[in-house]
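Assemble chain B onto chain A, guided by the hints.
Those sequence lines, one after another, are chains A and B.
Residue numbering for the first sequence follows the working numbering, starting at 1 and increasing by one per position.
Residue numbering for the second sequence follows the working numbering, starting at 1 and increasing by one per position.
FYI, nobody ran anything at the bench for these hints, they're computed from the structure.
Here are the simulated DSBU-like cross-link-like pairs (lysine-lysine), alpha carbons at most 30 Å apart as the crow flies: (1) A:K138 with B:K38; (2) A:K138 with B:K43; (3) A:K15 with A:K138.
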Amino acid sequence: MSVIAPNFKFSEFVKSILDNAFWILLIFVLIGLPAVQVILFYIEMPVINGELLTPFLALTWLADPSRTLPILKAFMTTDLFKIVAFPGFGFAALIAAGTIFVERKMLAKLQLRVGPFYCGKFEGILQLMGDGLKLISKEIIIPAKADKPIFWAAPVIFVATAAAFVALIPVAPGWVVADIDVGLLAVFAIIGFFPIITILSAWSSNSKFPFIGGIRALHQMVSFEIPMILSLLGVVILTGTLNLSEIVESQTNFPWIIFLPIGAIIFFITILAELERIPFDLPEAESEIVAGWLTEFSGMIYGLVQLATYLKLYAFAALFVVLFLGGWTGPMIWPPFPEEIINEGIVMGPITAKIPGLPIFSQEMLNGVLWFVIKTVGVIFFILLPRGVFPRIRIDMLLSLGWYKLIGLAFVYIFIALGLLYAGVLGPGGIL
Amino acid sequence: MVGELAGNYSTVVLMFGFAVVAMAPALLISRMISPRKKSNPVKFLPMECGQVPSGEGRTHFMMQYYAYILMFVVFDVMAIFLYAWGSALLELPKSATLPIIGFLAIMFAAMAFALYQSGKRTIW
Chain A
1 MSVIAPNFKF SEFVKSILDN AFWILLIFVL IGLPAVQVIL FYIEMPVING ELLTPFLALT
61 WLADPSRTLP ILKAFMTTDL FKIVAFPGFG FAALIAAGTI FVERKMLAKL QLRVGPFYCG
121 KFEGILQLMG DGLKLISKEI IIPAKADKPI FWAAPVIFVA TAAAFVALIP VAPGWVVADI
181 DVGLLAVFAI IGFFPIITIL SAWSSNSKFP FIGGIRALHQ MVSFEIPMIL SLLGVVILTG
241 TLNLSEIVES QTNFPWIIFL PIGAIIFFIT ILAELERIPF DLPEAESEIV AGWLTEFSGM
301 IYGLVQLATY LKLYAFAALF VVLFLGGWTG PMIWPPFPEE IINEGIVMGP ITAKIPGLPI
361 FSQEMLNGVL WFVIKTVGVI FFILLPRGVF PRIRIDMLLS LGWYKLIGLA FVYIFIALGL
421 LYAGVLGPGG IL
Chain B
1 MVGELAGNYS TVVLMFGFAV VAMAPALLIS RMISPRKKSN PVKFLPMECG QVPSGEGRTH
61 FMMQYYAYIL MFVVFDVMAI FLYAWGSALL ELPKSATLPI IGFLAIMFAA MAFALYQSGK
121 RTIW
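For reference, chain A alone in the conformation it holds in the complex:
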């Protein structure tokens, strides 16, 4: 008979609980209370219903529900909310998680398999959670003679860099974490970090397969960075701005993919290469070099790298949507918020609940997010699809594709964009 805890003693159990309570209390007193003081002094609090929000007033929403929504709305305009939840990390991580599941299911269907099936009642829908729990409870093995600080830091920095990329993507009008004038250049700057992280982690692991994978990632970046940068030049020429939100606003009548299909195709191919996806997954070619630069990663380190990869996938798909498919623009299909709830409140029999502060989100914002998500999911689908269809290409084919074909095509494409501008078709004073 197996016992869960053979050396269990009740007195030890009580003692451990009291010990933990003591330490938590001590840390709270020594760190938490000074931190609260610092926050009260230095953080600017919003003004709600004409009075400055103090912590006391913030807690009165428990007793006064009419205060809840204004406090919530004031919170949603802060940078903190944008970074943590909506256009930032939470939203992107949600889409990334959905992408992982959909990819596994879709590839399985393409290859006449079943895919994740048992975890969760319906079609293995909890598989991702199970995988996460498994990864977090696995031992992290670091190879001997590895460069430990870099090896530990690389996955975290990879996630953080992908998150910084996500920060630049505008999701709905005004809903962007960092609205920078030179957003597109910032995107290029951040993209340039990924191969450096790859090759750092590969070099630090002191193993041959990761090293070969890291060098391959570097070469892939070198081959595809220039076509990628040139493929977006046409959009910048026609809009005259580098701000991503303004680029989206320039596409209210038509998306750029109608006039610049060559640029869109080049950009899509380079996306596949930058994301290291089939047919360009040479850095982690699992049938040639074990798992490429991921070979020595185990446990949660591997989990973080997976998360970052899919955050990056979302960010690139969203960038494609922003630049070529018109971002959040689209016909208004979201129903308007019912007027009588704003004016009269919700009537339930004898009770009338009047809720101030509704609606929380404007109709334009919800509609924009809906269109953005629809388009992004479509692009993600097309990024996932080649994995079930194509084989991997050789590294010399990749090189000749990047250097000889795509750059030549991008050169032609710049002149198409210039021709559209100077022929008076597009741009200011154009016929469209």
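Only chain B this time, still in chain A's reference frame:
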């Protein structure tokens, strides 16, 4: 002015910092709850498909790519320079486009020649 300009980027840095703060605990928790079995010398060897690793892990590796790296250094900068022109194009007079077309012609002709040379394996 400068501070204002830099302030625009602070949210990117904050996002970076948030991801570090949110994700580093995953590694710490994993480190706390995962089993750590007694080590044996084989366990921490680098992966070489079950063989005992031979030689150094950080080897020198000939990738025959030097010509392309050199070209990348030159033409990546060129591509970014084109953005400075492209974003200001609508405000420029039309005659200002001709020098840029000359620049493009020189750069792409040079690139074509460099690609032709680097394609010849015998000289590398």
